[in-house]
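Going down the list, the sequences are from chains A and B.
Residue numbers for the first sequence follow this note's numbering, beginning at 1 and rising by one.
Residue numbers for the second sequence follow this note's numbering, beginning at 1001 and rising by one.
If you are wondering where the hints come from, they were derived from the structure by calculation, not from laboratory data.
Among the clues, some could well be false.
[Stated by the list, open to error] Distance condition first, Cα-Cα at most 27 Å in a straight line; then the derived DSSO-like pairs of lysine-lysine:
1. B/K1056 x A/K57
2. B/K1042 x A/K9
3. A/K9 x B/K1070
4. A/K57 x B/K1070
[Unchecked claim] Here are some, though not all, of the chain B residues that point toward chain A, as calculated from beta-carbon distances under 7 Å:
5. G1043
6. L1047
7. Y1092
8. A1097
9. L1098
10. F1100
11. S1102
Glycine included, each C-beta is placed from N, C-alpha and C at the ideal position.
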Amino acid sequence: DSGVTQTPKHLITATGQRVTLRCSPRSGDLSVYWYQQSLDQGLQFLIQYYNGEERAKGNILERFSAQQFPDLHSELNLSSLELGDSALYFCASSVGASGEETQYFGPGTRLLVL
Amino acid sequence: QKEVEQDPGPLSVPEGAIVSLNCTYSNSAFQYFMWYRQYSRKGPELLMYTYSSGNKEDGRFTAQVDKSSKYISLFIRDSQPSDSATYLCASYTGRRALTFGSGTRLQVQP
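When you get a sec, could you build the whole thing from the sequences and use the hints?
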């Protein structure tokens, strides 16, 4: 158990809908990272927050947004969902802001868009 | 072209074999290199970490980085069925974020 929790574990929804994925980092970790993992694209970095502020941005679509709250949990919002958004979404956390630090991954949220 | 390329496998070996997993990368700015292991239906977990070129050993695992050829390797000695997982290499420049390979699925047959 990495200490990172993600809810929900599974999510089934329809195209055009909006969903929110939630992540609680390990105790003491200030950075939260979001990744998307699909069969054809592998593990893709979406966005990083550090202590409430956006720190780095990857291949995140405009339909997706994230935030980190004062208690350091983070939410990833996916809107106008398309079939191609079906994937595993992972959250990871680390102590500091730097990308070379060990990232601890949560168990993931499996999203299926029908 | 992806910045980090990895053969997806699957790679199937008998128990006790030496396993060699490899990645190539194109970005010369990469300085940090990691190997993550991901079991089915789980999140990735950090296995090995190296900075710049050279070897690093941890038990049955050895990570090797050759910056001149932009080649990253992970060797697993005396492989066990419990090593069956997907192995992801990852690289970092020091500025943006981790870039992952697509992962190699390893199956160790008892």
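Evaluation of the provided hints:
Taken as a hint, the B/K1056 and A/K57 pair is broken in the structure, with Cα atoms around 30 Å apart against an allowance of 27 Å. Among the hinted pairs, B/K1042 with A/K9 is consistent with the structure: their alpha-carbon atoms are about 11 Å apart, no more than 27 Å. At roughly 37 Å between alpha-carbon atoms, A/K9 and B/K1070 are farther apart than 27 Å, so this suggested pair is violated. This hinted pair checks out: A/K57 and B/K1070 have alpha carbons roughly 25 Å apart, not beyond 27 Å.
For B/G1043, the interface hint holds, the least distance from its beta-carbon to any beta-carbon of chain A being 3 Å, beneath 7 Å. Checking B/L1047 against chain A by beta carbon gives a least distance of about 11 Å; that is not within 7 Å, so the hint is violated. Hint on B/Y1092 holds. Least Cβ distance to chain A is approximately 5 Å, under the 7 Å limit. Nearest Cβ of chain A to the Cβ of B/A1097: about 5 Å, under the 7 Å cut. The hint holds.
For B/L1098, the suggested interface contact is upheld, since its CB lies about 6 Å from the closest CB of chain A, less than 7 Å. Using the Cβ-Cβ criterion of 7 Å, the hint placing B/F1100 at the interface with chain A is satisfied: the shortest such distance is roughly 4 Å. For B/S1102, the interface hint holds, since its Cβ comes within 7 Å of a Cβ in chain A; the closest pair sits about 3 Å apart.
Violated hints, in rising order: 1, 3 and 6; the structure is consistent with all others.
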